[in-house]
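Quick note on numbering: the sequence shown equals residues 1 to 179 in this note's numbering.
Worth flagging that the hints you see were computed from the coordinates, not collected in a lab.
A couple of the hints might just be wrong.
Straight-line distance between alpha carbons at most 20 angstroms, and here's what the computed EDC-like set of lysine to aspartate or glutamate pairs gives [as the list claims (entries may be wrong)]: (1) Lys100 <-> Glu120; (2) Lys100 <-> Asp116; (3) Lys170 <-> Glu98; (4) Lys171 <-> Glu105; (5) Lys170 <-> Glu112; (6) Lys101 <-> Asp116; (7) Lys101 <-> Asp157; (8) Lys170 <-> Glu88; (9) Lys101 <-> Glu165; (10) Lys100 <-> Glu125; (11) Lys100 <-> Glu83; (12) Lys122 <-> Asp157; (13) Lys170 <-> Glu109; (14) Lys171 <-> Asp161; (15) Lys170 <-> Asp116; (16) Lys86 <-> Asp141; (17) Lys136 <-> Glu88; (18) Lys171 <-> Glu106; (19) Lys171 <-> Glu88.
Label pairs and their calculated CB-CB ranges [unchecked claim]: (20) Asn4 <-> Asp26: 34 to 42 angstroms; (21) Val93 <-> Glu120: 52 to 60 angstroms; (22) Gln36 <-> Leu60: 42 to 50 angstroms; (23) Glu167 <-> Met84: 26 to 34 angstroms; (24) Glu140 <-> Glu120: 25 to 33 angstroms; (25) Lys13 <-> Ile52: 55 to 63 angstroms; (26) Lys136 <-> Lys100: 57 to 65 angstroms.
Predicted model only: the values in this text are computed from it and were never measured.
Note that CB positions come from ideal geometry on N, CA and C, so glycine has one too.
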Amino acid sequence: MKDNIHTLFDNIKDDFDIEMPNIGHDKRFLDKLNTQHIVTNTPKRNFWKPFIGIAASITLLVSLSVLMPREDVVPDLASISPEMAKTESVFNVTLQNELKKINAEEYPEYQELIVDALFEIKVLEEGYNQLIYGLKENPEDQLILSAMILNFQSRIDVLQDVMQEIENMKKLNNNTTII
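Construct all of the structure, not just a fragment, from the sequences and the given hints.
See the structure below:
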């Protein structure tokens, strides 16, 4: 069927071109086209569109700030009272000093002791973090406060014990070297 249509149009294609346009037809057509008033669509400025964008941005920021989860302030000893803040500060300074002493020991024979002590400190710190969450639940609980102070003291004791063992090993090495 498709071939029939093509053949039909191929047979009559010369019959369509029966008249020629008058001479100068192109010129007259272009003149008419040029004399018409072409209306150009100048875009209207909508002054409210930028304000809608600004308002949408502000709305988005306000929504995000309201919906964002806030981090709860996790209490620690310092948040309980000024005395507890001083206590925590003293323990932290003591811990830092003991850690500096231990880290100053660079001899390979002490490294196993130091690594074990640091692991034990890490375990105690995790226990301390659990106590902080317990304090968050019940800020007035004296048992939790006592456990937190005991945890600090335990960490200091671990570090002091390691330093004592290192000193004993040094003395033992000096005695064997002298003999």
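Status of each hint after checking the structure:
Distance hint between Lys100 and Glu120 is fulfilled; the C-alpha atoms sit about 16 angstroms from each other, no more than 20 angstroms. Restraint check: the Cα-Cα separation between Lys100 and Asp116 comes to about 16 angstroms, which is no more than 20 angstroms; the hinted pair holds. With a CA separation close to 18 angstroms, the supplied pair Lys170 and Glu98 stays within the 20 angstroms bound. At roughly 14 angstroms between alpha-carbon atoms, Lys171 and Glu105 fall within 20 angstroms of each other, so this suggested pair holds.
About 15 angstroms separates the Cα atoms of Lys170 and Glu112, which keeps this hinted pair within 20 angstroms; it holds. With a C-alpha separation of about 15 angstroms, the suggested pairing of Lys101 with Asp116 holds against the 20 angstroms cut-off. Restraint check for Lys101 and Asp157: satisfied, since their Cα atoms lie roughly 14 angstroms apart, inside the 20 angstroms limit. With a C-alpha separation of about 32 angstroms, the suggested pairing of Lys170 with Glu88 is violated against the 20 angstroms cut-off.
Pair hint Lys101 plus Glu165 holds up; C-alpha atoms about 13 angstroms apart against a cutoff of 20 angstroms. Of the pairs offered as hints, the one joining Lys100 and Glu125 holds, with about 17 angstroms between alpha carbons and a cut-off of 20 angstroms not exceeded. For the hint linking Lys100 to Glu83, the alpha-carbon distance of about 26 angstroms lies beyond 20 angstroms, and the restraint is violated. Distance restraint check for Lys122 and Asp157: the Cα-Cα separation of roughly 14 angstroms lies within the 20 angstroms cut-off, and the hinted pair is therefore satisfied.
As the CA atoms of Lys170 and Glu109 are separated by approximately 10 angstroms, the hinted pair is consistent with the 20 angstroms bound. At most 20 angstroms may separate the alpha-carbon atoms for a hinted pair to count; Lys171 and Asp161 meet this at roughly 15 angstroms. The straight-line distance between the Cα atoms of Lys170 and Asp116 is roughly 18 angstroms, inside the 20 angstroms bound, and the hint therefore holds. Only pairs whose Cα atoms come within 20 angstroms are accepted, and Lys86 paired with Asp141 is accepted, the gap being roughly 19 angstroms.
With a C-alpha separation of about 17 angstroms, the suggested pair Lys136 and Glu88 falls inside the 20 angstroms cut-off, and the hint holds. Between Lys171 and Glu106 the alpha-carbon distance is near 16 angstroms, which keeps this suggested pair within the 20 angstroms criterion. For the hint linking Lys171 to Glu88, the alpha-carbon distance of about 34 angstroms lies beyond 20 angstroms, and the restraint is violated. As the Cβ distance of Asn4 to Asp26 is approximately 37 angstroms, the hint placing it in 34 to 42 angstroms holds.
Checking the proposed 52 to 60 angstroms range against Val93 and Glu120 shows it is violated: the Cβ atoms sit about 20 angstroms from each other. The hinted range of 42 to 50 angstroms is satisfied by Gln36 and Leu60, whose Cβ atoms lie roughly 49 angstroms apart. Here the CB-CB span from Glu167 to Met84 is close to 33 angstroms, well matched to the stated 26 to 34 angstroms. The hinted range of 25 to 33 angstroms is satisfied by Glu140 and Glu120, whose Cβ atoms lie roughly 30 angstroms apart.
A C-beta distance of roughly 58 angstroms is found between Lys13 and Ile52, which places it inside the suggested range of 55 to 63 angstroms. Range check, Lys136 to Lys100: Cβ separation about 31 angstroms, and the 57 to 65 angstroms hint is violated.
In terms of the numbered hints stated before, the structure departs from hints 8, 11, 19, 21, 26, listed from lowest to highest.
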